[in-house]
Amino acid sequence: MSADRAPRLAVWKFASCDGCQLSLLDLEDELPALAAAVEIAEFHEATSHNVEGPYDLSLVEGSITTEHDAERIRAVRRASRALVTIGACATAGGVQALRNFADVDEFVAAVYASPQYISTLATSTPIAAHVDVDFELHGCPIDKHQLLEVISAFLAGRRPSISSTSVCSECKRRGLVCVSVAHGTPCLGPVTHAGCGALCPAYNRGCFGCYGPMETPRPDALVGLLRAQGLDGRSVERLFQTFNAAAEPFRRVVDDG
Amino acid sequence: MAERRTIRTGYLARVEGEGAFTVHVAGGRVEHAELRIFEPPRFFEALLRGRSFAEAPDITARICGICPVAYQTSSMNAMEDLCGVEVPEPIRALRRLLYCGEWIESHALHIYLLHAPDFLGYDGALELGRDAPAILERGLQIKQAGNRIMRLLGGREVHPINVRLGGFYRVPSPAELAPLTEVLERAREAAIQTVRWTAGFECPERELDAELVALSHPGEYAIERGRIRSDRGLDIAVNEYTHHFAEEHLARSTALYSRLRERGTYLCGPLARYALNHAQLSPVARELAREAGLGDSCRNPFRSIVVRSVELLYACDEALAIIAAYQPPDPPFVEVRPRQGVGHAATEAPRGMLYHRYAIDAQGAITDARIVPPRRTSW
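As you go down the protein sequences, you meet chains A and B in turn.
Each residue of the first sequence is one higher than the last, beginning at 324 in our numbering.
Each residue of the second sequence is one higher than the last, beginning at 73 in our numbering.
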């Protein structure tokens, strides 16, 4: 990026709930300083101001579910020096990727009176299935402080300091009582990507996998424990089939039965 | 001379979701206006089938990152209705507090970051903040107060994790809630200033001729329960919804269009809630509404920002009242056992009434789901 202007930040939305881009606006304490440090060149939810690329950093929320969006993400990629995907939709296809396991035409007919008006792809796919991605920030939703770290790192030209360990290790580090061992509560903490700070165990709840699979998960080993805790096969499938259902390690649990 | 022109906005900025707006003007008068929603469909009603009834709150939250509590609460209420469970009063109060947190966060976002820049000639609030940093700071301070409630009660600001059928996974101690009082009192002061600020915005004098529809409850300004009422005599229980409302699928939009059967267009959201329930606002909110010149109802959509500001103030007052009377629910949740049947619920999302209907089987698997979000009927 050139030294004589503020770096250009763009925020793009594809199929999503808006929650991850909202995380940027949820940085109430840091937002004014961030706005002063960058030029927000494209961010429909926050401003009518938009300028043509190239953009120094593009944050992409959402998954690809239409031909039009498959085209659009390629244009975004061409206009962006760095492209970072934010959230489970962009990194794994999101909850809308449950269509990947079903018949999309049946889904369309179940929701819409006139299916012929709807143009959609049979699958919901992550951004990285379409274009090169420089960094993936996981979560449903992402953690706003991790988002700030990613933006700061890219603007400073360094690698983001984002842990790739599991929720389980975050939980241990927090010194929480293990809900799985102590209470027999089904918990995806051992296979789920860190980032939330072991939020659910802190609220007496088992992890349900918002952050998707960690880098080197062993879901097969966890499935044995879940079954021993009393979950039947369908309940185990459901646990892995939520917001990151199409992420490879979680999908395998279902595919392998 | 009838000069004709067409104004097209291909991608509406500072709204939730994706839409385009086209206006045809002839001789200085609008001939036709068309809103097109092109948000790609995600098929929630289809993908919910076969899921456990207990998963509905977490899954439907993902419909909207700006109002997840509305989806969670409507789905929980519908499932509890279906299973014949009424949660104890302390749990209901805590849910209402969480919902107030969402109203405060979302209303502050809507007023300061989405709507106000249009009145003041700015592209967005961050641009406004360069000229008037204190105003941006005030908006963010209120928004943060709402998020503090969401974070403490829900675990996080977007897609809270702490709600479940029957109640909460974990409830806060009174000592954990106490620090929120000071935060909310500051937000309340800022909300009072917000009403005075938005009341001064210049806007066209226009009135909408639509039936105003909102929940209404004898005991309180309706948020998470009540009957469905209108300013033109509709007064029905939530489970009668489908007899009175119909949805249409038009070629131009992936969002359905909702209408009142044999009555036509209706409007929900702050204008409707205020028209039906303003007498139940807190005394200070009523006083500020009067000072802002709102009267008994307001049909000017440009002034919805003032009504929303009054509701913002109310939500701060209501949150403070709930915290002051707080008794931790014990246990934090009641058991909800599945039984075959159909359940309904409607709650007031920040942008208007949100209706959920589910059918489940005896094991608790969802067999049918219908969700009518406020998106297409609110201002």
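Check the hints yourself; a few may be wrong.
Computed footprint of chain A on chain B, listed as stretches where at least three residues anywhere in the stretch have a Cβ under 8 Å from a Cβ of chain A [as the list claims (entries may be wrong)]:
| no. | segment |
| --- | --- |
| 1 | 96-102 |
| 2 | 123-129 |
| 3 | 211-218 |
Sample of chain B residues with no beta-carbon within 12 Å of chain A, all distances over it, derived [as the list claims (entries may be wrong)]:
| no. | residue |
| --- | --- |
| 4 | Pro140 |
| 5 | Pro189 |
| 6 | Gly227 |
| 7 | Gly305 |
| 8 | His316 |
| 9 | Val406 |
| 10 | Arg409 |
| 11 | Arg442 |
On the chain A side, residues computed to face chain B include the following (Cβ under 7 Å) [what the hints assert, rightly or not]:
| no. | residue |
| --- | --- |
| 12 | Asp349 |
| 13 | Leu350 |
| 14 | Pro355 |
| 15 | Ser371 |
| 16 | Glu375 |
| 17 | Phe424 |
| 18 | Ser484 |
These are computed hints drawn from the structure, not numbers from a lab.
Values in this document were obtained by computation on a predicted structure and should not be read as measured data.
Virtual Cβ for every residue (Gly too), placed ideally from N, Cα, C.
Tested hints:
1. Residues of the segment 96-102 of chain B lying with their CB closer than 8 Å to a CB of chain A number 0, which falls below the three-residue condition for coverage.
2. A stretch counts as covered by a chain when three or more of its residues have a beta carbon under 8 Å from one of that chain; for the segment 123-129 of chain B and chain A the count is 3, and the coverage holds.
3. By the rule of at least three residues with a Cβ nearer than 8 Å to a Cβ of chain A, the coverage given for the segment 211-218 of chain B holds, with 4 such residues.
4. For B/Pro140, the non-interface assignment is contradicted: its Cβ lies about 7 Å from the closest Cβ of chain A, within the 12 Å cut-off.
5. The claim that B/Pro189 lies off the interface is violated: its Cβ sits roughly 8 Å from the closest Cβ of chain A, which falls inside the 12 Å cut-off.
6. For B/Gly227, the condition that its CB be more than 12 Å from all CB atoms of chain A is violated, with the nearest at approximately 5 Å.
7. Distance check on B/Gly305: its Cβ is at least 29 Å (rounded) from any Cβ of chain A, clearing the 12 Å threshold; non-interface status holds.
8. Once the 12 Å rule is applied to beta carbons, B/His316 is consistent with being away from chain A; the minimum gap is 18 Å.
9. Remark: the non-interface label on B/Val406 is consistent with the geometry, its nearest Cβ contact in chain A lying 16 Å away (cut-off 12 Å).
10. With a cut of 12 Å on Cβ distances, B/Arg409 stays outside the contact zone with chain A, its closest approach being about 16 Å.
11. Not every C-beta of chain A lies more than 12 Å from that of B/Arg442, the closest at about 10 Å, which undercuts listing it as non-interface.
12. With a least beta-carbon distance of about 5 Å to chain B, the hint placing A/Asp349 at the interface is held under the 7 Å criterion.
13. Given hint, A/Leu350 at the interface with chain B, is violated; its Cβ is 9 Å from that chain's nearest Cβ, farther than 7 Å.
14. Checking A/Pro355 against chain B by beta carbon gives a least distance of about 6 Å; that is within 7 Å, so the hint holds.
15. Proximity of A/Ser371 to chain B holds as hinted, the smallest CB-CB distance being about 4 Å (cut-off 7 Å).
16. A distance limit of 7 Å between C-beta atoms decides the matter here; for A/Glu375 the minimum to chain B is near 15 Å, and the interface restraint is violated.
17. At about 9 Å, the closest approach between the beta carbon of A/Phe424 and any beta carbon in chain B exceeds 7 Å, and the interface hint on this residue is violated.
18. For A/Ser484, the suggested interface contact is broken, since its CB lies about 21 Å from the closest CB of chain B, more than 7 Å.
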